[in-house]
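> Residue numbers (numbering that gives the first Met the number 0), protein chains in the order written: chain A, 0 to 542; chain B, 0 to 264.
Bear in mind the hints are in silico, worked out from the structure with no lab data behind them.
The beta carbon of each residue, even a glycine, is placed where N, CA and C say it ideally should be.
Listed next, the in silico BS3-like pairs over lysine-lysine satisfying Cα-Cα at most 30 Å (straight line):
#1 Lys31/B with Lys423/A
#2 Lys151/B with Lys207/B
#3 Lys106/B with Lys423/A
Here are the in silico distance ranges between beta carbons for each label pair:
#4 Asp129/B with Arg203/A: 56 to 66 Å
#5 Asp129/B with Leu465/A: 52 to 62 Å
#6 Ala10/A with Pro253/B: 48 to 58 Å
#7 Ser218/B with Arg329/A: 41 to 51 Å
#8 Phe327/A with Trp26/B: 27 to 37 Å
#9 Asp129/B with Arg329/A: 41 to 51 Å
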Amino acid sequence: MSSTPTTSTTARGEPWVWLTSLGLIVGLVMVAGLLSLVVSEGLRVFWPETVAVTELKEGRAIIGPMVQRRIRPGSPASAPVYERQYQVGMREVNGQAYQWFDESRVVKESFPAEVMGLERMENGPAFVRPVRLTNSAGKVYQATEAAFATELQNEVSRAAGIREKIASLTKNEIGDLNSQMEKSRIDLRRAEDQHLPVEPIKARLEQLNQAYAGLHDQAENLQKQAGLAKLEVLDAAKNAHVIPLFQIVRAWSPNQLSFGERLGIFFSRIGEFITAEPREANTEGGVMPAIFGTLAMTVFMSLLVTPFGVIAAVYLREYAQQGFLLRFVRICVNNLAGVPSIVFGVFGLGFFVYVLGGTIDQLFFADQLKYNNHSPVFGTGGLVWCSLTLALMTLPVVIVATEEALGSVPRGMREASLATGASKWQTIRYVILPAAAPGILTGVILAMARGAGEVAPLMLVGVVKLAPTLPIDATAPFLHLDRKFMHLGFHEYDLGFQSPDSDAARPMVFATTLLLIILVVCLNIGAIYIRNRLRARYKSASF
Amino acid sequence: MTRLKVRPSTERGGRKDYISIKNFGFWYGSKKALESISLDIPERQVVAFIGPSGCGKSTLLRNLNRMNDLVDNIRHEGDIQIDSRSIYDPGLEVISLRRRVGMVFQKSNPFPKSIFENVVYALRVVGVRDRALLEEVCETSLRKAALWDEVKDRLHDSALGLSGGQMQRLCIARAIANRPEILLMDEPCSALDPIATGKIEELIHELKEQFTIVIVTHSMQQAARVSDRTAFFYLGKQVEYDTTEKIFMNPSQPQTEAYISGRFG
Ligand SMILES: Nc1ncnc2c1ncn2[C@@H]1O[C@H](COP(=O)(O)OP(=O)(O)O)[C@@H](O)[C@H]1O
Ligand SMILES: [Mg+2]
Numbered sequence: 000m001s002s003t004p005t006t007s008t009t010a011r012g013e014p015w016v017w018l019t020s021l022g023l024i025v026g027l028v029m030v031a032g033l034l035s036l037v038v039s040e041g042l043r044v045f046w047p048e049t050v051a052v053t054e055l056k057e058g059r060a061i062i063g064p065m066v067q068r069r070i071r072p073g074s075p076a077s078a079p080v081y082e083r084q085y086q087v088g089m090r091e092v093n094g095q096a097y098q099w100f101d102e103s104r105v106v107k108e109s110f111p112a113e114v115m116g117l118e119r120m121e122n123g124p125a126f127v128r129p130v131r132l133t134n135s136a137g138k139v140y141q142a143t144e145a146a147f148a149t150e151l152q153n154e155v156s157r158a159a160g161i162r163e164k165i166a167s168l169t170k171n172e173i174g175d176l177n178s179q180m181e182k183s184r185i186d187l188r189r190a191e192d193q194h195l196p197v198e199p200i201k202a203r204l205e206q207l208n209q210a211y212a213g214l215h216d217q218a219e220n221l222q223k224q225a226g227l228a229k230l231e232v233l234d235a236a237k238n239a240h241v242i243p244l245f246q247i248v249r250a251w252s253p254n255q256l257s258f259g260e261r262l263g264i265f266f267s268r269i270g271e272f273i274t275a276e277p278r279e280a281n282t283e284g285g286v287m288p289a290i291f292g293t294l295a296m297t298v299f300m301s302l303l304v305t306p307f308g309v310i311a312a313v314y315l316r317e318y319a320q321q322g323f324l325l326r327f328v329r330i331c332v333n334n335l336a337g338v339p340s341i342v343f344g345v346f347g348l349g350f351f352v353y354v355l356g357g358t359i360d361q362l363f364f365a366d367q368l369k370y371n372n373h374s375p376v377f378g379t380g381g382l383v384w385c386s387l388t389l390a391l392m393t394l395p396v397v398i399v400a401t402e403e404a405l406g407s408v409p410r411g412m413r414e415a416s417l418a419t420g421a422s423k424w425q426t427i428r429y430v431i432l433p434a435a436a437p438g439i440l441t442g443v444i445l446a447m448a449r450g451a452g453e454v455a456p457l458m459l460v461g462v463v464k465l466a467p468t469l470p471i472d473a474t475a476p477f478l479h480l481d482r483k484f485m486h487l488g489f490h491e492y493d494l495g496f497q498s499p500d501s502d503a504a505r506p507m508v509f510a511t512t513l514l515l516i517i518l519v520v521c522l523n524i525g526a527i528y529i530r531n532r533l534r535a536r537y538k539s540a541s542f
Numbered sequence: 000m001t002r003l004k005v006r007p008s009t010e011r012g013g014r015k016d017y018i019s020i021k022n023f024g025f026w027y028g029s030k031k032a033l034e035s036i037s038l039d040i041p042e043r044q045v046v047a048f049i050g051p052s053g054c055g056k057s058t059l060l061r062n063l064n065r066m067n068d069l070v071d072n073i074r075h076e077g078d079i080q081i082d083s084r085s086i087y088d089p090g091l092e093v094i095s096l097r098r099r100v101g102m103v104f105q106k107s108n109p110f111p112k113s114i115f116e117n118v119v120y121a122l123r124v125v126g127v128r129d130r131a132l133l134e135e136v137c138e139t140s141l142r143k144a145a146l147w148d149e150v151k152d153r154l155h156d157s158a159l160g161l162s163g164g165q166m167q168r169l170c171i172a173r174a175i176a177n178r179p180e181i182l183l184m185d186e187p188c189s190a191l192d193p194i195a196t197g198k199i200e201e202l203i204h205e206l207k208e209q210f211t212i213v214i215v216t217h218s219m220q221q222a223a224r225v226s227d228r229t230a231f232f233y234l235g236k237q238v239e240y241d242t243t244e245k246i247f248m249n250p251s252q253p254q255t256e257a258y259i260s261g262r263f264g
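When you get a sec, could you build the whole thing from the sequences and use the hints?
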């Protein structure tokens, strides 16, 4: 028998190698696809596109950018009927900001230079033909005049300044007054209840009321002052509208912009998105409170989960008697990681909020409960309960990573420390924990990534659609652990599934998703940076 | 800090039975690793443990500072006394025993800290804060370990940047920083090149002015070069224990003779 020494492909195992790489490729493609979808859709929101004036068959015209084109559902495959979606804006006129039209109805499409886009405080954006501007001094500019554009921008920024003033007035001073009045009212009820003199409190309340009225007038005056300026426009149907400048956030001429100006608007919109408060049931404006809430919650959660996880892991690995019980505990901890997150939410609500929070309220805020219509302080959802719930949820991740890290500290290091006469605890404290720190941080990074993206349990324990205040602010005690807060993940859910006009909300969903991903990546990069610095410090020796 | 006082350097050859191992047996679980070992180690001398791999040299050495306590399911019989006091005396804390009995391991194991922090670790754990004292101890220890000149300019760099031989000398400096009475060395040179080995052997010569040294070694030349007395073990039993000269020139047991002449099956 002559046999050439050939090995079959299967024997060499190549198909399995290909299979593993195939698995990797499928994974990568899916991740890349998801990311590119989110990035392209998320960034498109901010780009000022050209705006078409589209004339339809029955003599109707619309002004607005085309958003998408598709085959009408149900149309025959042999002769597909296309339809287009336009962002027509002006909800007060059009009802819905996004509308579908059969392509066959389109007669003519043009991009006239005079068309303007307006972002407004109410009723969403508008695409109009400007007619004339009356500035705050009462001077009138026709849209055809050369000075019109600059004057309009001046008035827009002036209006923005006034809005800001009013906002800071209501937020800081009126907010402060409100909380003081709240306190005085509680004092009053208590005084009445306990037959204490009520006169001084009443006087104080009166004083506060007057201050409040003063501020209120001030705000109204500001608004009136701004109300003088107005923009007269024609909508698509050539009906005239008057838009007070106070309502206008941004005005631009989409068909005249140079690329540089477009970029300018693009970045200013991104800036607004990141730094401003939401408007219009969250579908417009920014998401600053949600970013802030997500960050605060994630950081606070990490601060809670790290010590608990590390202490538990040190006990399990270093002190606990190895045996059946310990194995059982380990299995339980690992299984905890598989429990659906909503279960943690329910537990958080039942135990943290009602039991712990309720007890705290009873012990420390009994007055508040009694004299403030039983409105709870800690006995309702809040930042601290969200952080605790997520800390509990991510605890297994930290415990497992820490145990792993403790176990991989070379035995020699432990022996060296003990041989110099250090106690077990000193050995752990000075040698083992520092050497295990990079591994522990890896666990914390994973926990953070999981916690930051979690939504379901948070809905039960303190995240809300719209929070009037941030969990950290300039009012003592600065960190308000009891406050409800906004969260990017929930914001997304709320926009995508709870808003009345889902088409109008969709761009924001993508933008918010993009932001959440960026935020999680940033948190991770931060933690990885710290870990690498530690690694460099504790890099294992080459023996 | 009375411990930091340099002990009066008396004539070499103090107590003859400074460490006294009496009928010592030792088990890992059900496996007997040592059987009725009895030997006396004189003060401020170097005693070498030799024997083939697995004969229990490390086990005996690690019993002298009770490092074997870290292993589960161990049992011993007989007694070990240091300066006439049993190391198993319930009144004696393991920690204070280990402060008196320093140890250098086969694999150099510096902490991932600076050179300075490595050396003064033993003082840190007893709570010494005095910077001047720490610096002084660091310098004297490093000098004694013949490492000072090489590292004095980078005391605050990571110890992990040192070479293998330097690391091992650093571990010696760390072990002698709190002035133990006894220094245990478990094959300290097995991972080192001949030059580094030579340095450490020289060091052992100097250190024995102050410390009682027990060294485990695989190299018979090394045992012959550094030790005053040598114990030969085989399969957990003590075959012969005598002056190094006697063991190497004129062993009384045929097994010893076979081992040192390299005829060992
Ligand atoms: N931690 C341990 N658990 C169980 N058996 C051990 C342990 N350490 C050493 N032994 C066993 O004890 C015997 C002596 O080992 P050791 O003292 O390390 O030998 P040597 O250092 O002379 O090479 C060997 O048979 C070894 O397998
Ligand atoms: Mg050994």
